Each structure stands twice: as C-alpha cells, then as structure tokens.
Amino acid sequence: MVVVGAGMAGVQTAVALREQGFTGTVTVLGAEPHQPYDRPPLSKAVLLGKAEGSAFEVDFESLGVELRLGCEALGVRPAEHELDTEAGPVPYDVLVLATGAEPIALPGSEGVPGVHLLRTLDDAERLRPVLVRQHDVVVVGAGWIGAEFTTAAREAGCVVTVVEAADRPLAGALPAEVAAPMTAWYADAGADLRTHARVDHLEPGAVVLADGTRLPADAVVVGIGARPATGWLAGSGIELGAQGEVLADDHLRTSVADIYAVGDCASFPSARYGERMLVHHWDNALQGPRTVAANILGEASAVYDPVPYFWSEQFGRFVQYAGHHAGADRTVWRGDPAGPAWAVCWLREDRLIAVLAVGRPRDLAQGRRLIEAGRRMDPNALADPARPLKNATAD
Numbered sequence: 317m318v319v320v321g322a323g324m325a326g327v328q329t330a331v332a333l334r335e336q337g338f339t340g341t342v343t344v345l346g347a348e349p350h351q352p353y354d355r356p357p358l359s360k361a362v363l364l365g366k367a368e369g370s371a372f373e374v375d376f377e378s379l380g381v382e383l384r385l386g387c388e389a390l391g392v393r394p395a396e397h398e399l400d401t402e403a404g405p406v407p408y409d410v411l412v413l414a415t416g417a418e419p420i421a422l423p424g425s426e427g428v429p430g431v432h433l434l435r436t437l438d439d440a441e442r443l444r445p446v447l448v449r450q451h452d453v454v455v456v457g458a459g460w461i462g463a464e465f466t467t468a469a470r471e472a473g474c475v476v477t478v479v480e481a482a483d484r485p486l487a488g489a490l491p492a493e494v495a496a497p498m499t500a501w502y503a504d505a506g507a508d509l510r511t512h513a514r515v516d517h518l519e520p521g522a523v524v525l526a527d528g529t530r531l532p533a534d535a536v537v538v539g540i541g542a543r544p545a546t547g548w549l550a551g552s553g554i555e556l557g558a559q560g561e562v563l564a565d566d567h568l569r570t571s572v573a574d575i576y577a578v579g580d581c582a583s584f585p586s587a588r589y590g591e592r593m594l595v596h597h598w599d600n601a602l603q604g605p606r607t608v609a610a611n612i613l614g615e616a617s618a619v620y621d622p623v624p625y626f627w628s629e630q631f632g633r634f635v636q637y638a639g640h641h642a643g644a645d646r647t648v649w650r651g652d653p654a655g656p657a658w659a660v661c662w663l664r665e666d667r668l669i670a671v672l673a674v675g676r677p678r679d680l681a682q683g684r685r686l687i688e689a690g691r692r693m694d695p696n697a698l699a700d701p702a703r704p705l706k707n708a709t710a711d
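Residue numbers (our numbering): 317 to 711.
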C-alpha cells in the first residue's frame, strides 16, 4: 500500500487503514522534508510565532507506517504498478493519491522580491519576519487565506492593504448579500480593503494596480486560490477534471484500477447535492480517508457523500460553514449581521442544505446534523435567532 502525500488526507489514510485492520505494508511519501503537519495553524499560531510547528500527533513507528519524506512523486505507470519518484521507482499494489492542492501564483510575480504564498510550513517561516518587523504589506485576494493572514498581520502591528478584483470579499465562496457584511470587518481591524482593484504588475517594493495606483509594499502576500496538485499525473491515464482534479467516483476510486484519490486533489459525485464536488477544506481531508480504507479492504462498499464543512478564524470572529448553498431557493437570516453573532441558512424545498454561522457554533452543529438528516424546516421558526435550529423543523 502506497500513499502519495503526507498531509492530512495522506496521513489519515494510513491511520484509517491500520484502524480498520489492514496488516500489510503501508508507505507514505511526502514531498516536503518536514514531519507531516497540520495546515490550519500556519495562518495563525505558527505565523505569529506562537507555535514552532503543527506536526501531527501520530506515532508512525508504532503504526508500522513507513514515512519517506523529501520524496516527490514524478509520475505513475499503472501498467507496471510503479511510481516514479526522485529516489527511483516505487512499486505498489494499491495506490492512494493524496497530494492536496497548491496555491495559484500571481502572473508576473516570479522573481519579484518580497512576494509570498502561504501554504506550507516553509511559507509560514518565511513570512514570520515580515510580521516581526511590522512591514507594510499588500495582500492580493480577500478570500479565506487573505482574511486570515490580514488578521495575523494586523495583530502583529503591520500596515495592511488588501486588494480584491471582485466587488466584495469571499466573492467566490458566498453570495453578495452574505459576504457584504464582512467588508466592514477589514476596516474595524484597521486594514484597508480595496475592491474592484486588479493588479497590473508587481515591482520591487510596490504593487501597481490596473488604474495606475501604486501601493508601496515591503511584502506582498498572494491568496488568489489553489489548484489540485496533479500536474505530475500527466500521461498516467488517470482521468482529470476541468480544474485538474482527479475524477474519483463515489467510492473515491479513480478511472484506473487499484488507484484511489482523496482530499483536495480529487472531486467526487454527490447524490446529496446532485453535482460533482471539489472541496478544498480540512474536514474533507479528514473524512475521506475512512471511506478509502473501507473500500480498499473490501469489507464494505462505502459511499462518500459528506456534508462539506469548514471554518475560519478572522478579525476576532469564528466563522463556520456546513453544506453547499448552490441550488438553494430560499435564504433565511438568523440575527443581525452588523452584530457579533449571526447565521444564514439556505433551504431548497424547505430542506436545510447549508448554514453559515458567525459566532454561533451551536447553529452550525445542529444545522450540520439537520442537513445530514434531510430535515424539512419551518422558515418562520428558523428566522428566530433565539430558537435552536433543532426546534425549527417542520416535521
């Protein structure tokens, strides 16, 4: 058994195989030299120097899992059941692809000094001095990573300007009316958010916008999205989707026999939502490996169709989201979005399909269970923020 990728999805696949009784050889290949680590702390505690790292608390030796770190996969030859790596060929009986995603670089940023991405432990280590020295920072992109980095940078005392090409933060993740209240969070934190602001080019020490505005920058942090890390699969015969992701089936099997895919690098068909899902979030990398392990062991024909979940800590707020709101025919607000705690629920034919909770963790926990159960809701009861979600059902 060979797992390519030593992030959450890869490590949890190895753990799940052992927990479910697999006794054969398990080898995990990681491209980075570091002990496998968790990524969410990178934009928080690690970045601020409050933690030196975020290594998983997994005893690989006692599990009988072989780690090969600093070993990047270069290709796969399914006919020979072999991986090509920097260290030479690696044979496999069953292969699990768990290579995650890689950040998208800003075009024209290559070779410009002071430009940073934030995805790996090394990225966070390179950014630490920026915060320590309280540099003037320009953040490109007001998505989840942009917001979390801005939060940390303001906490460290940096002057931060955020430029976003869209008309609002989180434009790719949330509807306009839901994301709009979050715009004020930047100003409240002392950050300058500029929407409708496209980057024309970067210069040493500056970001130049399309309208000619020149923003001084000791450092530039780019957070404009990520793409599945699957370029190394070219020529393998493994079917990829439009975004470069591995097209897995509902058992997380790829188009090639004896190869599975899990986590950020793979999409899967969701019967729950009626579409193929590509989920770039921590919980997906935690949950999917259990399905992969069960199907590899052949003890069950396990179907993977989760309620997606993610969270973000930004500007003193705990933001959580469960579900998938595309296809909703009704939106119900719970509480005032100008306040510290509120939620939004999305319904389709009065069934809850997604919930966003800001400072309301109970709404999220109850909402997630209601989505999983496919419960029909009473929209009027749902709109009462004093009423628990579990008590707002219509049946």
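Hint data in this document are derived by calculation from the structure and do not stem from the laboratory.
Warning: the hint list may mix true and false statements.
To be verified - Pairs of lysine to aspartate or glutamate, DMTMM-like flavour, derived with a Cα cap of 20 Å:
| hint | residue 1 | residue 2 |
| --- | --- | --- |
| 1 | Lys706 | Asp666 |
| 2 | Lys360 | Glu396 |
| 3 | Lys366 | Asp666 |
| 4 | Lys366 | Asp354 |
| 5 | Lys360 | Asp599 |
| 6 | Lys366 | Glu418 |
| 7 | Lys360 | Asp438 |
| 8 | Lys706 | Asp694 |
If you're wondering where the values come from, they're calculated on a predicted model, not measured in any experiment.
Tested hints:
Restraint check for Lys706 and Asp666: the C-alpha separation of about 14 Å stays at or below 20 Å, so the hint holds. Proximity of Lys360 to Glu396 is assessed by CA-CA distance (about 43 Å); at most 20 Å being required, the pair is judged violated. Restraint check: the Cα-Cα separation between Lys366 and Asp666 comes to about 45 Å, which exceeds 20 Å; the hinted pair is violated. Of the pairs offered as hints, the one joining Lys366 and Asp354 holds, with about 15 Å between alpha carbons and a cut-off of 20 Å not exceeded.
Straight-line distance between C-alpha atoms of Lys360 and Asp599 comes to about 18 Å, which keeps the hinted pair within the 20 Å bound. Restraint check for Lys366 and Glu418: the C-alpha separation of about 25 Å exceeds 20 Å, so the hint is violated. With a C-alpha separation of about 14 Å, the suggested pairing of Lys360 with Asp438 holds against the 20 Å cut-off. For the hint linking Lys706 to Asp694, the alpha-carbon distance of about 11 Å falls within 20 Å, and the restraint holds.
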